[in-house]
Amino acid sequence: MADLEFFYDFTSPYSYLASERVEALAARAGATLHWRPFLLGGVLKATGNRAPIETPAKGRHMLVDLQRWSGRLGIPLRFPAVFPVPSILALRAALAAGRRGQLVPLTHAVFRAVWVEGREVGKPEELAAVLAAAGLDGPGLVEAAPAEKETLVKQTQEAVERGAFGAPTFFVGQELFVGNDRMDFVEEALRAARRP
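Reminder that position 54 of the sequence shown reads as 54 in this note's numbering, one-by-one numbering, no gaps.
Derived by calculation from the structure, the hints in this document are not laboratory data. Errors might be hidden in some of the hints.
What the hints assert, rightly or not - Only pairs whose alpha carbons sit at most 27 Å apart, straight line, appear in this in silico DSSO-like list of lysine-lysine:
1) K154 x K45
2) K45 x K149
3) K123 x K45
Stated by the list, open to error - Label-pair ranges, simulated between beta-carbon atoms:
4) R191 x V104: 18 to 28 Å
5) M1 x R99: 16 to 26 Å
6) R182 x H108: 15 to 25 Å
7) E143 x G173: 21 to 31 Å
8) H108 x G140: 29 to 39 Å
9) R50 x E125: 25 to 35 Å
A virtual CB, placed ideally from N, CA and C, is assigned to each residue, including glycine.
Could you build the full structure based on these sequences and the hints that come with them?
As structure tokens, this is what we get:
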């Protein structure tokens with residue numbers, strides 16, 4: 001069985017779109033999916049890349065492009081009032097949730113809170129409420145989040161060392177794919193990896 005690694009940050013709308021589709025993709029391809037939170041800001045800084053929103057023309061286009069993707073995929077998306085989304089706390093909480101076997105439900109809850117409901121998950125009390133509404137120990141995960149600082153740094157550095165420069169980033173073995181619009185290539189690579 002092939003492995004699919006999915007590196008993502010809650011501040012990335014394209015990571016949100018990918019998160020809504022990646023489980024079905026892995027299932028179709030018979031792959032084992034590994035959810036890997038990382039800090040997109042750290043990736044951009046380490047690689048000298050810039051977020052689309054930092055270039056006015058790209059930023060304007062991104063808003064249109066996201067609505068096109070949302071419509072095509074039938075995935076609701078509403079741009080949040082606060083952007084870039086302060087995601088460090090939620091990313092660290094995700095890593096804490098991973099230690100409890102709850103990374104996937106937390107990830108979906110946070111992505112939908114940000115990109116559908118416009119919630120401010122950078123605020124500890126708001127994040128705790130989002131997680132509690134998803135049936136998780138919101139206060140406990142927020143309290144555990146600071147201890148995951150070094151793990152988040154290491155996971156981000158690992159992605160950069162392997163060639164990541166944006167989000168979402170996928171790895172099939174050591175083969176790199178970057179972007180929500182590359183998921184067809186990801187699936188092709190997974191299917192090829194299964195062939196004898």
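- request: Determine which of the earlier numbered hints do not hold for this structure and return their numbers in increasing order.
  value: Result: hints 7, 8 break, sorted rising.
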